[in-house]
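Enquirer: Residues per chain, in single letters:
4 protein chains.
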Amino acid sequence: MDKIKVGVLGATGAVGQRFVQLLEGHPWFVVTALTGSDRTSGQTYGEACRWVLPEEMPEYARGMTVAPTEPGMDARLLFSALPADTAREAEPKLAAAGYGVCSNASAHRTWPDVPLLIPEVNPDHVALIDVQRETRGWRGFIATNPNCTSTGFTIALRPLLDAFGLKRVFAVSMQALSGAGYPGVASLDALDNVIPHIGGEEAKVETEPLKMLGKLNATHVADAPFRISAHTNRVTVSDGHMVCASVEFERKATAAEAAEAMANFHAPPIVQTLPSAPHCVIEVRSEPDRPQPRRDRNAGKGMTTVVGRVREDPLFDVKFACLSHNTIRGAAGGSILNAELIVASKRL
Amino acid sequence: MDKIKVGVLGATGAVGQRFVQLLEGHPWFVVTALTGSDRTSGQTYGEACRWVLPEEMPEYARGMTVAPTEPGMDARLLFSALPADTAREAEPKLAAAGYGVCSNASAHRTWPDVPLLIPEVNPDHVALIDVQRETRGWRGFIATNPNCTSTGFTIALRPLLDAFGLKRVFAVSMQALSGAGYPGVASLDALDNVIPHIGGEEAKVETEPLKMLGKLNATHVADAPFRISAHTNRVTVSDGHMVCASVEFERKATAAEAAEAMANFHAPPIVQTLPSAPHCVIEVRSEPDRPQPRRDRNAGKGMTTVVGRVREDPLFDVKFACLSHNTIRGAAGGSILNAELIVASKRL
Amino acid sequence: MDKIKVGVLGATGAVGQRFVQLLEGHPWFVVTALTGSDRTSGQTYGEACRWVLPEEMPEYARGMTVAPTEPGMDARLLFSALPADTAREAEPKLAAAGYGVCSNASAHRTWPDVPLLIPEVNPDHVALIDVQRETRGWRGFIATNPNCTSTGFTIALRPLLDAFGLKRVFAVSMQALSGAGYPGVASLDALDNVIPHIGGEEAKVETEPLKMLGKLNATHVADAPFRISAHTNRVTVSDGHMVCASVEFERKATAAEAAEAMANFHAPPIVQTLPSAPHCVIEVRSEPDRPQPRRDRNAGKGMTTVVGRVREDPLFDVKFACLSHNTIRGAAGGSILNAELIVASKRL
Amino acid sequence: MDKIKVGVLGATGAVGQRFVQLLEGHPWFVVTALTGSDRTSGQTYGEACRWVLPEEMPEYARGMTVAPTEPGMDARLLFSALPADTAREAEPKLAAAGYGVCSNASAHRTWPDVPLLIPEVNPDHVALIDVQRETRGWRGFIATNPNCTSTGFTIALRPLLDAFGLKRVFAVSMQALSGAGYPGVASLDALDNVIPHIGGEEAKVETEPLKMLGKLNATHVADAPFRISAHTNRVTVSDGHMVCASVEFERKATAAEAAEAMANFHAPPIVQTLPSAPHCVIEVRSEPDRPQPRRDRNAGKGMTTVVGRVREDPLFDVKFACLSHNTIRGAAGGSILNAELIVASKRL
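Protein chains in written order, with my numbering: chain A, -13 to 334; chain B, -13 to 334; chain C, -13 to 334; chain D, -13 to 334.
Given that identical chains are not distinguished, each listed pair holds provided it fits within a single copy or across any two copies.
Distance condition first, Cα-Cα at most 20 Å in a straight line; then the derived EDC-like pairs of lysine to aspartate or glutamate: (1) K201 - D148; (2) K287 - E10; (3) K190 - D275; (4) K190 - D299; (5) K153 - E298; (6) K190 - E298; (7) K153 - E234; (8) K190 - D209; (9) K287 - E42.
Derived from the structure by calculation, the hints contain no laboratory data.
Only chain A is shown next, with the shape it has when bound in the complex (with noise of 0.2 Å):
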């Protein structure tokens, strides 16, 4: 088949780099277009970003040139690493116009019609595309990925939640630089030191699970019916968010079973087939010091969640730490993986 056109918005900042990085040579799409902003709008994209990546800019990508974020693009399919505030204009206008966007911005998270999906936790929210066309007239749609560090932790619980149920859960992030984008934090405050506090961090840990974990029906998403507190950390990591977490379950179970249900969690069929969905979803290891950012975050190509330390807990079920790749499972590369699904559950 011929590839699908896409293209990246907010294409020069850390997130879209990961984008432009990860499309390369993509099985089923093709990089057409790439936006920044009006001061590098008409440059070739090598002169208008600032590389960031350890990996080298593709080739493909050094010489198109960058166009302003609006309609009028040659692509079908648009990956959103735009700031929450130009998505919130942007994002419904390209949808309207027909443009499907892959969004990782937070703006539309919300949405009651908008998924916040990962392909292997909650795939039938992906009918949520259906509603936005029909109730907002779109040809278009709006489909989001989690916030990073969301993302690793939730896929964490699904097995739980399905296994025992989930009453309540502790997590305390610690997360890597590469989170708060380019420039981002400055070295002064990173180095020798841990940053108690991201904004807005916290609320979106605390409530963008219970979405995702939710009952879809006709037309919204009900909530999961269990309760988080989060406190989430800045630490001196490139890439690799950590959580440690402590869950309380609905029916009484062992680490070990809590460990099992983990590993032997599997994405459904639909899901299995991407091209980008990693061979292992949950990766659980039993040494004690593991995971580990350095060590375990490109697991899967950085699309597996690492799991570790499963254990009893003395105040509620279990506790284990998880380690998720923030730039690419927890972004880019999620938002790939949900652009995936849409085209294979023919909403494109």
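Let chain A serve as the given structure and place chains B, C and D on it in line with the hints.
Expert: Frame of chain A; chains B, C and D shown alone:
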């Protein structure tokens, strides 16, 4: 008065060095003995010691001869920075021989008649020294300070327990590299990484605060009747242990009330006059992004506990972050303050 | 005597903060004015300033009102931490208005009648202030301190030039993050990285030492007749600039002779009595692995230059490493010492 | 053809692990033996090895049994990651026993009849293997690769020597932590620090390039007739050694000519076809702030040398920065490429 002669056991290690540094110019104590391993015995301290602190090695110590750790030292009070294994045998022997031992080692923290002491938290527990002497026939004694992570965390809990009662506490630590001693953590493990495991640490953080916050009966302490769940992590910070805590009270209280209780906490008068006591026991900061190890670990010369982000918790009552200097307040400095209390209470 | 009223220009930036911190409790100076950008003007310093130093903001400054940088300040002496562009216009205007300006900015370092001053190196150059006043009709003056990397390096060269003459010098720097100000270097550029480029720095390191080590004629300085080649690099260190130098002498000398010349170097008597002068100008260490930023940057309260690894060079005569605290000796502290010399030489 | 059976000596250390990782799926070689210390002998590699690379341990190796380092291994070619002391005795014994030994150890680099080999630089030196066999009566051989810092630096010098001749070279290194092995540098020494000393390193960097760039006579190599001065430093980088170099030519050349000579450098045809040879031997970058370890160390799968900042030098002719991956190009990868050349030249 004449200064009291003191020795430092295990003086060449990282905590031993901190003792040597903090005791320079102490108004009550003068260092007259330094002990090391068999290998270093007989060398000068300057030769024997690979100094790892950012401060210079004090001149007074450089030319002192390193002695073996055994009776015969010209000192009345001994600060122990021995490894737990060595401490297990050596400390009781020294206490029996008439030395007062203020130990940073974990070996005897759980002995019922050994005080686990933070002067601002449980100064009355110092009376266990009398029990020791009576029961064991020692002329000397052993007094211990808690694990470096338990320390600041227990100080923060004291006013909350007093004001509102405690039922359940979640604690997730992000601990400094110096907590592992020297050479300690390999740089290839520390750089761009988080290690979600510190051997034996979680058990200590889950139990030591209960002993310190417990009630002293005639001959032992009854643990405080609440429960703690701890996750302990190593992060790339030189000094300063951070703890994110969520706390459930016996009696409802708001975040503002909790913050006020901590900010208004004072040590008992006998403790306030000790030379190493910080002017401010708990500093409560109102900025959204404090405490931070790099900016707050030296508060009160490393003896103040800094608390921030006191806010409502969706599951329990209140959550906050607290920071304490692990090798000062949490080790050598805490032990010296204990010694000062013991002197002030006329037990030396 | 009454303390001299001083102001800090650009007080909210990283170097400005260092001035504010170092001037706390100064025996000769009292801070009576703090200036900032138009945006911060009128706010209290506590509000206007994102404090980035590990030390606490001094209490005296917190409530002071930030003023615009223009005549009318109640102060006789001004410490300038202005950006070069702003300094270019503001400093001559303030000097003409009667203020003594001790500037850390590079804007006027190359003016023939502006002294580029390190009191231990070229105290006689302070007489250029008289030239300024005569030629320009200023009641005030401008005196500058050199670039942070040139500073310690020039101090180390002074005794070598005096004893052996200099022909050629290679200098490769490894510079701290704080040299770039705040926010300065992005953490994603700093972590696990070296950046082999600092804009404009190499030209400064290749020329400033020649002016400082040059001979003062009636109205200007004749550059010292040797040549320097510099490579400047940014490394992941908070404070402390390291320079690896290889030096070719006019007259042959051994490494031991060079080390001795540096170790025996003393400031002229007028400089030794200045309040901020370090007791030891150059500390020569004999350990094979010193100086190190983390262990040596605070020598002499950050005002001592620490030299080590003095050894024969296979191409030139001698090679060594030297370290200097970039925001103390190499910026605010150096500028304050300059002001003290100017006061002591009765030029204020 | 059947793959050649190879062994890795010292396979559990950091360089040994890199051999194991790079040999996975090698088109010519199959790993059939792994050796370790007496302590680990008999364990599986998975048990014996504390894996420290960011990549996963290859599946093929996990279950292999670690053997002692002595004749009897089922392999024709051995890659040695032994410590120098062990290598000194073991390698000649193994070469005598008929094994081809490609060694990363420094023990025999200076033996006149042992090639110190970089295929792109001095492929003809491989003929020293014939000398070895004749003189010593060995059926096997020893071939060595240079020190990790010498490697990239020598590659950069090769085209400059060919085009312009070399007289004098200054080299200041900033070396990665992985160069010290595992556990190697303590994190408390690495964090916020530079260590201006690496034992024995400067002597290697000052001599090894001269042997590699020297002329092969009948039975030995005449050192290249120029001189090098080296300063070697350890910085907080995981992988990638940077060298700042200033070079004096025999015949004047501009920076542009030097850059062109390096950019146009190609390996001899026999080397270009080797499986591990990089497509581009030297990548010359024109950005002002490259190369950087984090962004450039993986160029050419870690086998390309990246040069940047080629500019005039005020003292010599040209200065530049060059970067090379120390555990790939500078150790295991270089050794594997050597083995490929030896096979291609029919000396196995």
